[in-house]
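*Asks:* Here is how the chains run, residue by residue.
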Amino acid sequence: MSIWQPVGRATAVALLTPALLMSAARLLPAQSPKAPASASRIPFEKFTLPNGLEVILHVDRSVPIVTVNSWYKVGSGDEKPGRTGFAHLFEHVMFMGSQHVPVGKFDEWLEAAGANNNGSTTFDRTNYYETGPSNALPLMLWLDADRMGWLLPTMDKPKLDLQRDVVKNERRQSYDNVPYGRAYETMLPVLFPSTHPYSWPVIGSMADLGAASVEDVSEFFRKYYAPNNASIAIAGDFNADSAKVWVRKYFNSVPRNPDAPVRPTVPPPRLTRDTIMTMEDRVQLPRLYFMWHGVKTFSADDAALDALTDIVAGGKSSRLYRTMVYEKQIAQDVGMNNGASKLDGLLLLSATAKPGVHPKQLAAEIDAALRDVAQNGVTERELTRVKNGVRASLLDELSSVLGKADRLNYYNYFVGTPDYLEQDLARYERLTVADVQRVAKQYVVGRPRITMTVVPEGKTDLAFTAGGSH
Amino acid sequence: MRRLSMAVIGACLTPTVAQAQAKPASTVPPTLSAPKPLTLPQMVERTLPNGLRLVIVPQRELPVVDATLVVRSGSEADPRGKAGLATLTANMLDEGAGNRDALGLAEQIGYLAIRLGTGATFEQSSVSLHTTRATLDSALALMADVVLRPTFAEKEFARLKNDRLTSLLQEADRGPALADRAFNAILFGEDHPYGRSTSGTREDAETLTRDDVVQFWKSWYRPNNATLVIVGDITIADAVARATTAFGAWDRASLPVLAKNTPPAASATRIYVIDKPKAPQTSFRIGGIGVARSTKDYYPLMVMNTALGASFTSRLNNNLRETKGYTYGAGSGFAMRREPGAFTARAEIVAEKTDSALIEFMKELNGIRTPMPAAELAKTKRYLQLGYAERFESTGDIASQIAALVPYGVPLTALGTFNRGIGAVTAADVQRAATQYLDPSKLAIVVAGDRASIEPALKALKLAPVEVRDAKGRAAITP
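Same order as they appear, the protein sequences are chains A and B.
Counting from 0, one number per residue, gives the positions in the first sequence under numbering that gives the first Met the number 0.
Counting from 0, one number per residue, gives the positions in the second sequence under numbering that gives the first Met the number 0.
Treat the hints as calculated values from the structure; they're not laboratory data.
From the three backbone atoms N, C-alpha and C, an ideal C-beta is built for every residue, glycine too.
Please note that the accuracy of each hint is not assured.
Between beta-carbon pairs, the in silico distance windows are [stated by the list, open to error]:
{"id": "1", "chain 1": "A", "residue 1": "446", "chain 2": "B", "residue 2": "137", "range": "35 to 45 Å"}
{"id": "2", "chain 1": "B", "residue 1": "116", "chain 2": "A", "residue 2": "153", "range": "39 to 49 Å"}
{"id": "3", "chain 1": "A", "residue 1": "416", "chain 2": "B", "residue 2": "100", "range": "41 to 51 Å"}
If we strip away everything but chain B, and leave its shape as in the complex, we get (with noise of 0.2 Å):
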């Protein structure tokens, strides 16, 4: 019952005796019925004669449309030397296309109000739009024109050349940049793709021409080598007549083949300080190497990682924040790309508790690689099933779900078996899972923080050897 408040004895006009026996109408969580199946909507799928695949998603209750543009070449395929092309080449298509200059665009499209993005990561280079209905025809005019028709124009090339450099500066002021860029390069190496930044280096974007632009544009946007998603309010014989309109003079070609590239071997496990001089927190990414996203064990990895950091009450966020108030928040996530990625734990961590927060991140890595309970691994699974509709509510959400399979050929037909994947998942599965990708005797432990007040402390756990290492992560010439 509610304590006798003094707003209560206050009240003399109201019924207190109502106030002062409040009861709750239950003092159990009520019962819950049967969760609804999810009806994924239909997906069609065509092959224009250029090459071009669709993704069709009729979606008639409302009157917009989500197209995704997928190129399924990325920062992967950025040269040697030449780190930061893949997401510079995107930047560049809507600085200028068809008959508009950059200007001209971005007016247009702010008068529209439509939304036009581009963008690159490691593995696809993506243009997206968003328009009402009744702005189509205008929208997929200007998405086919920064597709099939920038115009590179050196000027605007020099410009944004001039905001990378400005922007990679700026990275300096940001211990989680830091920590990011030097986790990837110490634990893949520079040589690989995974070691570098999309947004590439300073030293790289100085040797950028506008002539690499055009040639990565030339060697990878080909419609062989794409697929344009279409959801929303659109019929699908409207939607290949329209794809068929913008895209379909749109030229094939071969193109070229990447050397595969070797992950290197993972090493004894070590941590590595990177200064960053009066942070209040340190910045946390512990990993080594992962998957990749065909890898066979897929739903016992989402529901181990969900476990271990990917949901509010999962290990590392119950012990980091609501157990020990280090942080405002801590997670894991494995990045499955087309070869092996990253297997990352992570957590902005107050400064004077970086020493204690390790020793609870270890406990945790450790500690997923034991049998997990029952009630847990169920109310994982469930978090993760019942969960699944949010996930297709809007067209851009349902957009997103296929895009994001686009880059690893993985079929339409996995969006609808994640539920009977993720309910096939038994404990030793993931107790295998977390044993066979999470090895705490080989990880790489890296720190961006203050490194005079933590590094000593780091040092006194005798946890893993301490090393210093510069922003880039390369061997730091300070003593």
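The shape of chain A in the complex, shown without the other chains (with noise of 0.2 Å):
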């Protein structure tokens, strides 16, 4: 499933080229049971300037490419009522240009120098990354630090409204006008109170958009876009002496914010019960979500979260793969996924019915599913792919110096400190089948949750509308 991807700014023909796999040097995975995968690591330096920028470098010389990816501490997660959806508007003005880089050169001196870039928001941070030719290392934090430190002075009206058009169009596309688009966002205010800021989703709410000013603008880039409320991590073909030269020079001189932003302390989910909703959607077939509760990310039972997810429906090898999809053919795909963010998480579970198949099939296959997983377990063999899987997909996505980049920046935000893939790893390599099972019902059997159908327009006989079997 998509939900947890970020809302970005990329569009079809922007968009970078995921580099799948690995050539990237330096990452060491597994290689033999002598060498287990907890001796991975990313070899890093890092140090902060005197305004308070964390600076972080990964050296790889193997292509002559170079990334810059700059995280600041602020998401959706951030926003206030009646201005959902602004920390991904602001990201999409940032590329807008700023006091010495006029409207549209940002974009077309990278390209010119043979660079992409884009951006990306979630519920808790906010990120920007160039990816080029090793020489264009100083063009990319030359552009960056100008946005950080001197984007308001030609910020105006023309630009944000320029921009809430494009991300109305996103919207768009992304939710509107895509079957299903607009199911998560209906759960989400269920699950959490009104005044917590994940009850509404990261691109926002139209009129939100609409109500957007210059003055909240310039409010939220004083407040968030700070090199004290920030961190860039450089990774690919470059010196080291070099890159710190030009990064002092460039972003020594951007003010800090004396006043640092505390996040929001937010009120707990305030799902007790059940609740069963329904949907009508322009789609051919029903689809079933249940979401429930989860945890904060890098808590205690994240990692069991994702293995329990992973077992119970992540793949063609998963338990509800092979009932549902497989053996009886009930259900055209299904999903599980533990969404664990910041300040809270979330489980969920989809499920699209056959034609003819009426969700409360999918429903009760499902529960006997979880039911099982609750008093009988998982086996050894299921958690092992799990801890295969987890292994090979991290290393996978550290294949780029992008995204090693992003990794090392991630790592830094979450947990405090770039050098934690060895610890990520330790988290899901200590996992036990009995870990998993207890999650399974703490979180999960036996929990309040909310079950919504989206049906065809005018066909809300194929609701799901008796709850409680679990």
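The task is to assemble the complex, starting from two chains supplied on their own in separate frames and drawing on the hints.
*Replies:* The structure is reproduced here in structure tokens:
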């Protein structure tokens, strides 16, 4: 499922080619039983400028390319009601030029140097990145410094209005004009109270996007877009001494924000009993969703919930694929995901009914499978498959300099140090079948949940209405 | 200088003077040193006695291997009335092979944490593997099972056929998918392979049998019709030995000969409306029949199309997104196939700007036929040349670059002459290519959206005749 993909600036034409596989030199994956995966790490150097900007360097000279990856510690989780979607709208505005970069030149100058760029926003953070030939590094750094320090002098309403229209079209293209595209945002405000910033989606509402003002842009920039609320990771083919000179030259003059922002304290989720919902959409087949309250990312049960959701409905070797898609053929697809974020988390399971199948049949099958895990646990082989898969997918994610830079920033933000790959893998290596069984009981089976059926327009008889069978 | 902010005024104990005077180190972009030349990896070709061509690229930095088998036949070879057969055959390969059934195979792939994918496009069927060096033996054995010993069990076939029919049903949910299907059908006609979808149609899918799949596999999956690309932590000798173990017993056979297709003559520009009631966006697909991969104008077309619609700053994206705000992204591309494929300009446009967007599309399609300013030409060429290294970052990237040449018989040396080819393109070449291959008076303009709101506006433009077609691109029965 794609619900955890960040909301971004990418378009069909500007998407970076995802580098799926590994070539970057310095990551050392497991090779034999004597060298377990926990030996993996990404070598790096980290330092902090006087203005608070954290800088992370990873040298990999295997291919003459370099990436600059900036993380700002702000996401839709910092938004206020009435301005939902603003963090992501702001991300778009960051590409509209700054005091010394006229409108359009940010992209033009990078392309003329052979580089690509993009950005994305999640509940918790906003990132920006450029990737290109290694000689373009000073240009990337200068452009990023200019918008970090001097975005506002040339900010105006036309820039904001233009990106507001673009983002509204992003919302239409990614959610409103997509089958089932509004299901997730319809369930969020049931799981979280309206004062919780995870009760709305990162993309925000059309009305709030329309309400955003230039003053909002200025205030948001001053509060969150300061060097002491950001980190930049540089990865690829460069000389570390030269990179440090450029970083200090361009970023030292960016003023810090003396009032560093604090993330909001949030109310607990409000789901105390089962809720059953129905939504009509322009679709051919009904789709059933279950949502439960989950955990924060990197908290104690996060890894066990990843394992549980993978074993229950993660791909062709999962239990529900076997029973629902393969054996009984009552579902066209099924998937389950552990969505753990910084302030809170949720679990989401969805399955699309085959023609002629009522979603209550799906619910019965899903509940039987979940009860089975709670009562009888999972097998050692299933858990080993999860561990092998986590190791492989983590290592594959780090196959490009962009992937490695993003991963270093990710750990730096969520656990406070870039040096966490080994510990991250160890969270999964430590798991036992008992852990998986325990979290099934603790978070899923018999716990309050949201059930929603998206039905074809006018076919509310296809909704799942009877609850509590679990 | 940055404006004095409230935050600065409020911070009594911080050195406010420094902040009030904050200035960038430089107000102009830095001058860059010369780019480093890209050295392409060593690529070696071998042929096994059964005719299987090998391309081997040792990359020893990491203990991983990518192996891609490209069979040079795909949906182009779907028999009449059997559209979708090539993709269904490819999908069936890993639904049981060797001594494993479908679930057993999926479980083993999951347990080893390797990736093994199968698929087909118009001109190729492929099986691709990504594995660590440690699991290479087991992974290659599984890959060989999938290619040489698929079981094609009747019950798996029935399940996949049902899955295909359900997917085709769900296509009606997605306006962009309707536009894609209708555009190709209108442009090429359903008698031409490129006029059909590689996933076929409901009518055709219902007639497919297990025997069709077996026959397709037996006819086309032959070593003398295939290339195996191996990139990663392996020596040339070891790669040849392992390829021989895995695929040496594969029997060669003579291949059926496909009839040549005649592309239909281009007709006068016309607007085709596909109704997708209440769609908040209109899916635009505008284009004509373009060129084959063998075109002598490969490089001029690449430069021209990159400037028109294949980079963020390209004319279409800059106009429709970054100036007008009508869309999240606009672009264009030439599908260079064995025979001439489509040129397509595309975007998802907010419904109420459907007519305005068409005016801008036409402006850019006309504009690209006039001489390209020197600065734009230089930027575009540099973007392509300097960005080329990124296509060779990982073992998977390298395998993709090589595999993409296989169906067209393009030699490996083409990878090494890319930058020279781009470098030689002149403004006159670009204009000639645009004029020759992009004729605004002979376009199919397909728009899938909310007919009730967009059709009157499109008619009012008086740009071209407006015709309503159904979701397959066929003449609609409704008035």
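*Asks:* For every hint, state whether the structure bears it out.
*Replies:* These are the hints, each one checked on the structure:
| no. | hint | in the structure |
| --- | --- | --- |
| 1 | A/446 - B/137: 35 to 45 Å | holds, 40 Å |
| 2 | B/116 - A/153: 39 to 49 Å | holds, 47 Å |
| 3 | A/416 - B/100: 41 to 51 Å | holds, 46 Å |
Hint check: no violations occur; every hint is consistent with the structure.
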